[in-house]
Amino acid sequence: MSSSVSVAIAKRVAAHLTDGEIVNLGIGIPTLVADHLPDGVDVVLQTENGMLGVGPTPTDDAIDPNLVNAGKLPVSELPGASYFASSASFGMIRGAHVDTAILGALQLDGQGRIANWSIPGKPILGVGGAMDLLVGARRVIAATTHLAKDGSQKIVAETAFPLTADRPVDLIVTEHATFAVRDGGLVLIDVAEGSSVEWIEENTGAAFTVALESAAGAPQEAVR
Amino acid sequence: MSSSVSVAIAKRVAAHLTDGEIVNLGIGIPTLVADHLPDGVDVVLQTENGMLGVGPTPTDDAIDPNLVNAGKLPVSELPGASYFASSASFGMIRGAHVDTAILGALQLDGQGRIANWSIPGKPILGVGGAMDLLVGARRVIAATTHLAKDGSQKIVAETAFPLTADRPVDLIVTEHATFAVRDGGLVLIDVAEGSSVEWIEENTGAAFTVALESAAGAPQEAVR
Amino acid sequence: MVSVCSPAEALAHVQPGDTVMVGGFGLVGAPLTLIAALLEADGARDLTIVSNNLGEPGRGLGKLLPARRVRKAIGSYFTSNREVVEAHLRGEIEVELLPQGTLAESIRAGGAGIGAFYVRTGAGTLLAEGKEERIIDGERYLLQFPLKGDVALIRAHKADKLGNLAYLKTARNFNPDMATAAKTVIAEVDEIVEVGELSPEEIATPHLFVDHLVRSEGVSA
Amino acid sequence: MVSVCSPAEALAHVQPGDTVMVGGFGLVGAPLTLIAALLEADGARDLTIVSNNLGEPGRGLGKLLPARRVRKAIGSYFTSNREVVEAHLRGEIEVELLPQGTLAESIRAGGAGIGAFYVRTGAGTLLAEGKEERIIDGERYLLQFPLKGDVALIRAHKADKLGNLAYLKTARNFNPDMATAAKTVIAEVDEIVEVGELSPEEIATPHLFVDHLVRSEGVSA
Chain W
1 MSSSVSVAIA
11 KRVAAHLTDG
21 EIVNLGIGIP
31 TLVADHLPDG
41 VDVVLQTENG
51 MLGVGPTPTD
61 DAIDPNLVNA
71 GKLPVSELPG
81 ASYFASSASF
91 GMIRGAHVDT
101 AILGALQLDG
111 QGRIANWSIP
121 GKPILGVGGA
131 MDLLVGARRV
141 IAATTHLAKD
151 GSQKIVAETA
161 FPLTADRPVD
171 LIVTEHATFA
181 VRDGGLVLID
191 VAEGSSVEWI
201 EENTGAAFTV
211 ALESAAGAPQ
221 EAVR
Chain R
1001 MSSSVSVAIA
1011 KRVAAHLTDG
1021 EIVNLGIGIP
1031 TLVADHLPDG
1041 VDVVLQTENG
1051 MLGVGPTPTD
1061 DAIDPNLVNA
1071 GKLPVSELPG
1081 ASYFASSASF
1091 GMIRGAHVDT
1101 AILGALQLDG
1111 QGRIANWSIP
1121 GKPILGVGGA
1131 MDLLVGARRV
1141 IAATTHLAKD
1151 GSQKIVAETA
1161 FPLTADRPVD
1171 LIVTEHATFA
1181 VRDGGLVLID
1191 VAEGSSVEWI
1201 EENTGAAFTV
1211 ALESAAGAPQ
1221 EAVR
Chain C
2001 MVSVCSPAEA
2011 LAHVQPGDTV
2021 MVGGFGLVGA
2031 PLTLIAALLE
2041 ADGARDLTIV
2051 SNNLGEPGRG
2061 LGKLLPARRV
2071 RKAIGSYFTS
2081 NREVVEAHLR
2091 GEIEVELLPQ
2101 GTLAESIRAG
2111 GAGIGAFYVR
2121 TGAGTLLAEG
2131 KEERIIDGER
2141 YLLQFPLKGD
2151 VALIRAHKAD
2161 KLGNLAYLKT
2171 ARNFNPDMAT
2181 AAKTVIAEVD
2191 EIVEVGELSP
2201 EEIATPHLFV
2211 DHLVRSEGVS
2221 A
Chain F
3001 MVSVCSPAEA
3011 LAHVQPGDTV
3021 MVGGFGLVGA
3031 PLTLIAALLE
3041 ADGARDLTIV
3051 SNNLGEPGRG
3061 LGKLLPARRV
3071 RKAIGSYFTS
3081 NREVVEAHLR
3091 GEIEVELLPQ
3101 GTLAESIRAG
3111 GAGIGAFYVR
3121 TGAGTLLAEG
3131 KEERIIDGER
3141 YLLQFPLKGD
3151 VALIRAHKAD
3161 KLGNLAYLKT
3171 ARNFNPDMAT
3181 AAKTVIAEVD
3191 EIVEVGELSP
3201 EEIATPHLFV
3211 DHLVRSEGVS
3221 A
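In the order they appear, the protein sequences are chains W, R, C and F. The opening residue of the first sequence carries number 1 in our numbering; numbering runs sequentially from there. The opening residue of the second sequence carries number 1001 in our numbering; numbering runs sequentially from there. The opening residue of the third sequence carries number 2001 in our numbering; numbering runs sequentially from there. The opening residue of the fourth sequence carries number 3001 in our numbering; numbering runs sequentially from there.
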């Protein structure tokens, strides 16, 4: 997956964020969202290993070994940051105090449910905080490439991978499309510049309706 | 109840404490225990409203309105004291991190179970932290006058008052007697100077065996 | 994001029938300025109050009783206010009594997305009546459901402008737990400082829990 | 009361078959000096390790695997160490996987006298297998029992001589929870200061939880 595609997805996700909201970023593409917020939008990052007020990646000489995000990558501390124990951090998450979680996905099903933690045939040995974020965050955005590296579809009628939760995500954002999850089904609300409803129909394995919105929280120009 | 009786009971209780242990003191006679520790014995006081390291009653001009014990009385802060939320404080208590709780009693039954929170015929409107301390503290000592103000017996076969927990206390200390609770029954282990096994038998409504110990954690002289 | 407002503006969030959590252990750590404003708030009727105590007669939360604002009280120790006992006997208020630790844990559970939990506290006593019991490792436990509030009125020492809170001594008590468990959280503070002035390690309530800040007017109990 | 001792003295408390909780999120906040000493401890055999991860290959807790000290691992994310995956496939270690929040809450529950609790996390997924489910307010919850340790190895920044602990930044993570949940708690710290030097408001682990203090020897992962 080219980095420019990841950035494009991150920008499309960022256009859905509101100034001041509390956001938890998953590993991978979601991590890029913080660097691509629209002008005038500032969010507060919570990381489930016990911090509110995560700042940008530090320069090499400013790395603090005691300061990492949930991806175990070095981060910095913004003024007003605070630290707390894991039980308190997940209390925040399960207790619906995080406004938006942005998570990567292996697959998504036609109900908007996400599979992002386990691959069939491999031993199940890692889950981390994904399940907690899915049941707890007020809104969940899946940020993913439209197709897998092998060209297979990631948005499918039924996932081949185990689900991460029975709760659907609220929004699915790819480099081609943005789907809202409504009434148990997918609604295509935005088509990326250079893509088309036809391409999306051909490359999406789950049924969806189309109800394009002129702008997804920000002018179309701003999200490219 | 005369203050000198309360002090005598407090001293008899204090003789059972060990240097360095974590102690929670109930309201009334138990509060006096801190001021009557034997030489060389220093305990650390936890108060369930959220403090470890409670110091003595301050002088009037040193009273801090933000610093009280569970009896809502002014206290002071010892070096090394810490503060925590109520949920954390009771986590400590229920999780068996408090070595000894010293509680007052309305009545005690022949199994050593305590009634100290509710009076029959009156509405049940207060319980506080007594039940939590009874299930959580590693050791519970009941500190009480041997008889009620009206002369009635407080240590009885079956309490007329509702029990505070189904867990028995470990030790019952009055101005006359000290009973250990063993194998579901009471064992008289100490008779106060000036009292007698006969007086105790006449004034105790529950059966007990007698197995006097020469000293209850401290020389007899030290506990008077 | 947090807004700094007057007591009256903050208390306008209270609606009739609301469940209002109020911090404090007795009067210590109680948001006395907010309580005084609650008494003046139009919406403050038919309330369920979650608080360890209901103040003392005519003091703190005790002021709500003669004003007939309380339909139900949930707490651990109401006997420190004889007016609660009298109002209860007259059938004017409903009371739900919980052991103090179960009260605190229920509030924490309400804020932490815990569906219910089991505690030994109260098993085998009158307070077990009507509660589900379960034997775990040979011991009796009671099932307890979480408590949540529509509004929480809490008291802290310092806030920064983001709404991070630091507490002072035993005035902390139920305040940080309640900050997590209500839809709208209003914090009364002694001082509002610039962002960055509180030590990140001593912020006991991170700002994401707090909606409104009110400067304490030093209302006496 | 707390004792200040060497890593070897502290780790002599570990017995074969023990459940050992180990703090840290990956290597951050992990007690690396104590982990190195654990590898040398006679009693460290047939262990159940409770930790978010099992380190990385040959680093941190990852060192225990080739030394065949671990019978079972309870945590949330073992895939960061491929040797765990391989040892599991060879049948050499048993693994219990919990969502990270459920892991943290189970440890807290173990320390706080909670008999069990219900969480939505994991309901309807493969991790719900074998767990009791209960519908609360129309939502599916799973019953989770607490975790307790025989020994906890934790990492803090500063301790005072009583054993009060203060943490630094995200190195806090599981450490304060684990400090409450084990019979014997051994804390590795950067510095031991005089009583009174830590702010009472920033002591995240009061000393009653701590048994032994060990000065960090700056062991690298």
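Among the clues, some could well be false.
[What the hints assert, rightly or not] Not close to chain R: a few residues of chain C, all C-beta gaps over 10 Å, as computed:
1) Q2015
2) G2026
3) D2042
4) R2059
5) E2105
6) R2108
7) G2124
8) D2177
9) V2195
[What the hints assert, rightly or not] No farther apart than 20 Å at their CA atoms in a straight line, the calculated lysine to aspartate or glutamate pairs in the EDC-like style are these:
10) W:K72 with F:E3092
11) F:K3131 with F:E3094
12) F:K3131 with W:D19
13) F:K3148 with C:D2018
14) W:K72 with F:E3056
15) R:K1122 with C:E2056
16) W:K122 with F:E3094
17) C:K2148 with F:E3040
18) W:K122 with F:E3139
19) F:K3161 with F:D3042
20) C:K2161 with C:D2137
21) R:K1122 with C:E2086
22) C:K2063 with C:E2040
23) C:K2148 with C:D2137
24) C:K2063 with C:E2092
25) C:K2161 with W:D19
26) F:K3072 with F:E3094
27) F:K3161 with R:D1166
28) R:K1149 with R:E1201
29) F:K3131 with C:E2056
30) F:K3161 with F:E3083
31) C:K2183 with W:D99
32) F:K3183 with R:D1099
33) C:K2183 with C:E2194
34) R:K1122 with C:E2083
35) F:K3131 with C:E2083
36) C:K2131 with R:D1166
37) C:K2072 with C:D2018
38) W:K122 with F:E3083
Simulated from the structure, these hints should not be mistaken for lab results. Note that CB positions come from ideal geometry on N, CA and C, so glycine has one too.
How the hints compare with the structure:
no. : hint                 : in the structure
1   : Q2015                : holds (27 Å)
2   : G2026                : violated (5 Å)
3   : D2042                : holds (29 Å)
4   : R2059                : holds (12 Å)
5   : E2105                : violated (6 Å)
6   : R2108                : violated (4 Å)
7   : G2124                : violated (3 Å)
8   : D2177                : violated (5 Å)
9   : V2195                : holds (23 Å)
10  : W:K72 with F:E3092   : violated (27 Å)
11  : F:K3131 with F:E3094 : holds (18 Å)
12  : F:K3131 with W:D19   : violated (40 Å)
13  : F:K3148 with C:D2018 : violated (39 Å)
14  : W:K72 with F:E3056   : holds (12 Å)
15  : R:K1122 with C:E2056 : holds (19 Å)
16  : W:K122 with F:E3094  : holds (15 Å)
17  : C:K2148 with F:E3040 : violated (49 Å)
18  : W:K122 with F:E3139  : violated (30 Å)
19  : F:K3161 with F:D3042 : violated (28 Å)
20  : C:K2161 with C:D2137 : violated (48 Å)
21  : R:K1122 with C:E2086 : holds (11 Å)
22  : C:K2063 with C:E2040 : holds (11 Å)
23  : C:K2148 with C:D2137 : violated (30 Å)
24  : C:K2063 with C:E2092 : holds (15 Å)
25  : C:K2161 with W:D19   : holds (16 Å)
26  : F:K3072 with F:E3094 : holds (4 Å)
27  : F:K3161 with R:D1166 : violated (38 Å)
28  : R:K1149 with R:E1201 : holds (19 Å)
29  : F:K3131 with C:E2056 : violated (46 Å)
30  : F:K3161 with F:E3083 : violated (39 Å)
31  : C:K2183 with W:D99   : holds (13 Å)
32  : F:K3183 with R:D1099 : holds (13 Å)
33  : C:K2183 with C:E2194 : violated (25 Å)
34  : R:K1122 with C:E2083 : holds (14 Å)
35  : F:K3131 with C:E2083 : violated (47 Å)
36  : C:K2131 with R:D1166 : holds (16 Å)
37  : C:K2072 with C:D2018 : holds (11 Å)
38  : W:K122 with F:E3083  : holds (14 Å)
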